[in-house]
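We have chain A; now place chains B, C and D with the ligands onto it with these hints.
Chains as they are written, first to last, in my numbering: chain A, 1 to 326; chain B, 1 to 513; chain C, 1 to 646; chain D, 1 to 290.
In short, the hints are calculated from the structure, not lab data. Remember, it's a predicted structure, so these values are computed and weren't measured experimentally. Don't be surprised by glycine CBs; every beta carbon is placed ideally from N, CA and C.
Below 20 Å or equal to it, Euclidean Cα-Cα: the simulated EDC-like pairs (lysine to aspartate or glutamate) are:
id, chain 1, residue 1, chain 2, residue 2
1, B, LYS295, D, ASP54
2, A, LYS214, D, GLU282
3, B, LYS387, D, ASP54
4, B, LYS115, A, ASP65
5, B, LYS378, D, ASP54
6, A, LYS214, C, ASP198
7, B, LYS378, D, ASP57
8, B, LYS379, D, ASP57
9, B, LYS177, A, ASP83
10, B, LYS164, B, ASP109
11, B, LYS172, A, ASP83
12, A, LYS214, C, ASP76
13, B, LYS455, B, ASP79
Chain A regions said to be covered by chain B (calculated; three or more residues, Cβ under 8 Å):
id, stretch
14, 56-68
15, 89-102
16, 168-175
17, 261-269
Read off the chains here:
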Amino acid sequence: MNRGPLPLRYVLTRVGGTLVLLFVLSVAVFALLRIAPGDPARTLLGQRGATPQALAAVRARYHLDSPFAAQYLHWLGGVLHLDLGTSIRTGAPVSATIGGRLALTGQLVGLGLAVALLLGIPGGILTALRRYRATDRAVQTAGLVALSTPAFAGGLVLIYLFSLMLRWFPAYGPGQGGGDRLHHLVLPAVTLALSVTAVLLKLTRAAVIRELAKEHVVFARARGVPERRILVDYVLRGALVPVLTGVGLVVAYLLAGTVLVEQVFALPGLGSLLVESVTYRDVPLVQAEALFIATLVVLAGLVTDLAQPLIDPRLRPARTGKGNAR
Amino acid sequence: APQPASDGGATGHRGAQGADVPVGELTFALPSSVSSLDVGRESGVLNYLVATLAQESLVSVSPAGKLEPGLATAWRQPDATTYVFTLRRGVVFTDGSPFTAADVVASIDEIRDPKNGSALAYAFAGVSSVKATGSHEVTIRLSAPDAAFIWNTSPGGLLISSEKFLAANRGKVGTEKTLLLGTGAYRITEFAADSHVRLESNPHWWGARPALRKLKLSFVPDAGTRLVAMKSGAVDGALGLAADETSGWASAADVTYTGDRSVVALAFDTAKAPWNDPHVRRAVAHAADREGMVKGILHGRAEVADALVAPEMWGDLLPAGQVRAGYAKITSYGFDLAAARAELAKSAHADGFTAELHYPSSGPQLGKAALALADSLKKIGITLRVKEITLEAWVAELGTGKQPLQFLWYFPVTGDPAELADPYLNASATATDIAHYDVTAVNKALDSAKADTDKARRAGKLMTAVRTAGDDLPYLPLWWGQTATALSKDIVLQQPGPFAFVGPWATRIRKAA
Amino acid sequence: MTTSTPTAEPGPGAGTPTASLLDVDGLRIAATAGARHSIVDGVSFAVAPGECVGVVGESGSGKSLAVRAVTGLLPDGVTVTGGTVSLGGQDVLGLGPRARGALRGRRVALLMQDPFTMLHPQLTCGRQIADGLREEEHPRRGRAARAARRAEVVRRLAEVGLPAEIADRYPHELSGGMLQRAATAAALAADPDLLIADEPTTALDSANQAAVLALLGRLRHERAMGLVLITHDLRVAFSSCDRIYVLYAGSVLEHGPAGDVQAAPQHPYTAALLASEPSVFRRKDPLPSIPGSVPPPGSRGAGCPFAVRCAHVAAECRTAPLTLAAPPAGAPGADRRRTACARIGALTALPGAAGEDTGDAGPRQAREERTAGAPHAGPRRSDAALVVEGVGRRFGTGADAGHQALSDVSLTVPAGEITALVGRSGSGKTTLARIAIGLETFDSGTVRSGPVELRAGGRPGPADRRRLAAHTQIVFQDPYASLSPLRTVGATLREALAAARRNGLAVDGDRDQAVLALLDQVGLPAHYADRRPAALSGGERQRVAVARALAARPRLLICDEAVAALDVSVQAQILGLLAELRRSQNFAVLFITHDLAVVRQIADRVAVLSRGRVVEEGTTAEVLDHPRHEETRRLLAAVPEREVAD
Amino acid sequence: MTDHPTAAGPADRTGTTARRPRPRIRPLTAAGAAVAVLLLAAAAFGQSLLPGWDAQDIAAGARMPGGGHLLGTDALGRDIAEMTIAGARSTLTGAALVALGSMLIGNVLGLLAGYLGGWTDMLVRRWADLLLAVPALLVTLVVAGIGGGGYALAVCALMVLTSPSDIRLVRTAVREQRHLPYVEAAETLGLPRRTVMLRHIWPNTLPVAVANTLLNFAGSVVALSSLSFLGLGVPPGAPDWGRMLAENRDLLYTNPSAALAPAVLIVLSAVVLNHLGDRVLEVFSKRGNA
Ligand SMILES: Nc1ncnc2c1ncn2[C@@H]1O[C@H](COP(=O)(O)OP(=O)(O)OP(=O)(O)O)[C@@H](O)[C@H]1O
Ligand SMILES: Nc1ncnc2c1ncn2[C@@H]1O[C@H](COP(=O)(O)OP(=O)(O)OP(=O)(O)O)[C@@H](O)[C@H]1O
Ligand SMILES: [Mg+2]
Ligand SMILES: [Mg+2]
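Only chain A is shown next, with the shape it has when bound in the complex (with noise of 0.2 Å):
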């Protein structure tokens, strides 16, 4: 296959359209913290010690006083200098905080996502070869349980199955060095899978259902091509791009089911981080993780729009007009 270059314009506004998505997002962020009610400089102090010089100062040292836009300003200007502030509760730098739950947040999705991929796509690909037959109905049925069941529930159940009765994985916990790391990640992983599994496997159960009734198939058929080839190169292919764009979406679903997983876990990754400063307002943190969060999501959106003129032609500028028959 010849892959003529990325449309030049297509790029440009796909990565302009992200850049402006992502400054919005950011004053929207930045905005609702300040406009929720509530006080951070109070939480730091703690029940004892909020004498009106305390919170003055604290208030001074986190600019929780000045007005918005200049607080907004401040934090772009550290932003662009890749300087995300301290935070609040801990006094550490912020880009450190999140950068030292990066990894194990980025090998608990990447895990979720390869379980999910592993699972759900030769899953869809399966139950839409075997449509309307026992293994489509029982890989289909399995599906909508994983899909319906909360992460926290389907966390306690494979606790308790995995870790209580079988002893085979641990129960909690981030585990240290690469095996045991792996080994500690299994069942969280796993977890959080559950129902990105699913939707993948009906949006490629879906996909692969709609590329089958093709007339290029039936042609394809007609015309004596192997089934194998049929199924890899015209099938396949053509789930390509719905496939590729659930998982650009199913990554968010992914990055939101950290929340609960790290919970239920014991994992100190992204997620239980954003859950305590929510809880502590710990206005810094929160913004950037926000931020950062919503900067992967649209990323792995922009990379999927991004890889789909390289999967499909039609939408590559094309090279001459129609010619006609001759």
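Just chains B, C and D with the ligands, lined up with the frame of chain A:
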């Protein structure tokens, strides 16, 4: 020294005996996350559990609640506002540097510096100066007499680090990269925020080498996971369990319950209607089934409170018997809906009214109590709306006076009744007297107790204040809390008492005999 | 229902070539999903090497399913329930899926209708052709092999008349005609003995249609390959096939050599079909049509399935089992023909395409009659229903070059006359129609639709839209999407009437009464008011669409390929209906079509559009009989009709 | 299968007058529908049929099943079986509000964007993109957590954050219908655009919207119970499955039914709603008028 009251003390299955053999490494689960080790920064209860293993204070507190020498071998009080501490010699920080008076001064100054916004600042708010009056002597002067001040130099108010360390790491102490530096029984070797802390015993500690050589404290916020971890042997014990959580633990571990001196009470804003009407307060008191709450919600793992101050808080001021006798004289408002109705009828709000009560999400037992109260208040014509808010919002709300009915949920750090009586019953404590309770006799008693260095007289004055307030009902004490410690069957914690976790608790872990 | 008995089959002696490529005997197909009903009721046919067999019949008669059964590619929900299929002497119905798959491509290949969906949009044409090559002759692995495959692909492209560079093009980069050629190359990649082409030209305009048919014919000869051509277009079938099978409602009603069948049909159905086919050379007045429509599977009675629509029906037709029998001697090619009409003996010569039918006054007279009233100089502008002047429309803006769909188009539709607009696909016919009715904007020029002056560059405002609605209405091509699927026919018509009233039309009397009147006008029974579109046939839907348009009592009715999607029998009904309504209501019609025979049949005037320009305009007779422009001549030449009359 | 022709040429002739057989009602679907009806009945009438569902017996505390309490009691002494039935209301109402609200937003914006096109379309699409760029549960967590943990806030946030799926779906469906002849015919009748939009296009996009609403309903049951698990959600004391599950979790090893009953119902209702949503979509996409 006073012994812990029988019903507030340890109720473990076995005596706190243990074999004196070294224990390799143990893992304990803590019930929520810690993201900073610095107690001045994040003032949660759990930080103390970690920090007191690594850092010490001038004076220490025995498991029974007695003040004992710590980094100060002795202290004297030449006058009502001056304290002179003689420091222990030959002590080194875990980085090898020697411990001197300058370190004490630096540690206290760090807390007092308003720029740091330390959560411990309140403890030294009344201090006018801190000086090193010798290489191993520190003198602290107060601006006004405060008989309970000495408690602020215990781990509850002060944890000492080195001057050099503090200067070099301003604002970063307690993070993953900059661990705590102290002179304590253990040295922190690793900290992963919201995950775990690792410690190992400090070979240069001035005290006896603890049997437990290494330990890991894991933060496991989910109760179910915590229990599975225990059952599957991933942890050797869990500290700070909520009383209502322990029902599943009995089969997997030995669970010890100790009064933790904490109190849960309802605070009525006596300056605002309808709570300015004593009949209304009494009606609510009669409608609160406190026995039921303790039994049902807390599974009996708490004690119905007669007063704001838990009996253990009297420490060595007053023998337990006398505390109980004093409390017994406080008018008791038993659960009696008929009496509640009668009181309400006598009030200016005979037709009932609507009130709102918020509780922090981290205290589900408070929520349940609030619901139980709402249920019985409904029967006498009062509508109580219960709302859950975050701990942050709840703390922020406490001082603002916006809510006329509030929960008071307090974990004391000292063993002196003044810690509660002064801020909550004295009208001069404007920031904390959330009931706006202003009774001259009580104010006077508290003020003079502050300056009184005579134990017995001071105890008498404090008791008067507590009892008067008990009758006047600005606060309706609900229960004195207990904390549960679950340990696997092969280890024990010696001397589990209400002050067991104020000091280096891990030094008292032993193999079960 | 019947099975064709073996004795009635064309035996070796009956003139069919002996070495049969394909033998289908008594094939039955039924739907299995939901209520089980029979779709194909015992169809038999045979194809010899090098022979071209045509299968004709109206939509829904089971043509596609029958041939799909041959290739083993029946869609979900239908299965073969009886009969035998043998390919080159080998019975294939008993084979497993793998073995049947191995036959596809080599023994038999299937070419389908829509060139735009038949090829995978994400693979180059060359790749798709290569995928079908026989692996043992053109191995996939190795550098040299790949180069050889590439050369082979180029050769195959040349065979269908396409240049080598097409190998690297994606389907969306090609036109319909080129795509159908590329698809043909792909279908032939494994050198099948038999090619089945299921309506290979339906989606193409007439010029491309002729080219593709010529291509298939040539390939058949060059390769000595059997060819089955499925079509609903009788002209196509008779012009390019050796033998014809006429299929109706799941049964073969007649078969025989193409010329013989066309000249002297032996079944009333064949005869009626031939009669209702308009001719490009002369106007049939009136155009005969077959009443009713093909009965859907599950609602066919016993006996001859055509009995309910047959003009020659007798009692025996409804009961006698359907059997194919030889026609009485004397019929042309009688020995090689079979017919299923039970009354064949009783019926005297049915009119064929050659036979001059009912009351046709002859082409030239009819033409003169029609054009007599209209001044030769051209239509009068003053009372014209539609005046288009210098209209241009460009699609696509900015970076990409854009496409000039219309440039400087001027056209007048005189009041009360039928003006046909013809042109090949993409010439801009639809664009012009949509501009005239305010659905599309235009860049330059002026459009006056009756009283409403439309301005370039903007959509008409609400007031103009109402006045426009009162004057001009439209009937679209696709009957299946023309009606809101959720509304009953009555509701659709009531709404149209209400809109007409709001737009200033004085409608007297009861609304329901008016609905019934409309239904009556388009020849639908009153109880159809309660039906939803799903319960109507294509022709009936198109009648409802006409009724909806008539509700506004328009002075101009635009019909955009209004009959293109219908079977000839139904097409004849609708054409008749339009002609009659035009007579009774005296509105003007702008009739868009690519079918010159339809033009001849219905239009007074005709304008030829080519690449967005009007290249020729005049009365129907002038333009069709004496084409002046190259494009018109090309369109005429592409009509696959043997001139029988002249 | 679609009934309209490809862009290229005359209509596909395979769409015939034959009515496809009505999709059979499968036993599983029937069972699902029955369960859904039961759950909805519990939501509607549960609390009035069980007047004592919130009766406390605090001194008795959490009891094991038996003694008149089928599934035991919770910490406040409330009957778990009755609480679970009563809990259908708040759980299902909250989730239904999210789904319906999102459907409303999605239909209004999707219809306008799809029909009007141009700037409206651009803005609506950007707005949907913006909302899609944020993980719904996380944002709800932040909004509800920071905004003070209000249930109403959580429901509203979830509603808004669920809407992009509806917006996109309806917009696509409208754009599919937008240039179909029947719509253009309505326009050439001179009908006001509002009428064309509401009476012609909208009903034909409804099946997809309804199916998606059922799926969103299921998703919201799960999402809201997850929020309750994190301590954001319905007010305390309210009978709500998510909340019950969170509150009774510590009874898991003593009286498992206390935690399992609400958990099972959460999963069950989500499964049923998901299944029905899938079926609606399947049936309508087979009919080809979705
Ligand atoms: N998958 C299917 N399930 C059930 N019925 C079907 C199916 N496919 C086609 N049919 C029915 O079978 C009958 C014959 O269909 P078929 O496609 O063979 O007709 P055709 O002669 O090819 O018509 P056309 O000219 O429209 O292509 C039609 O009535 C159709 O409704
Ligand atoms: N909305 C549109 N956007 C871009 N190009 C268009 C649009 N509508 C029509 N075109 C282009 O304008 C040209 C004329 O199209 P139009 O549909 O008017 O042709 P037609 O004569 O009706 O063809 P057919 O016989 O296939 O219906 C074609 O090349 C088509 O691709
Ligand atoms: Mg067909
Ligand atoms: Mg057209």
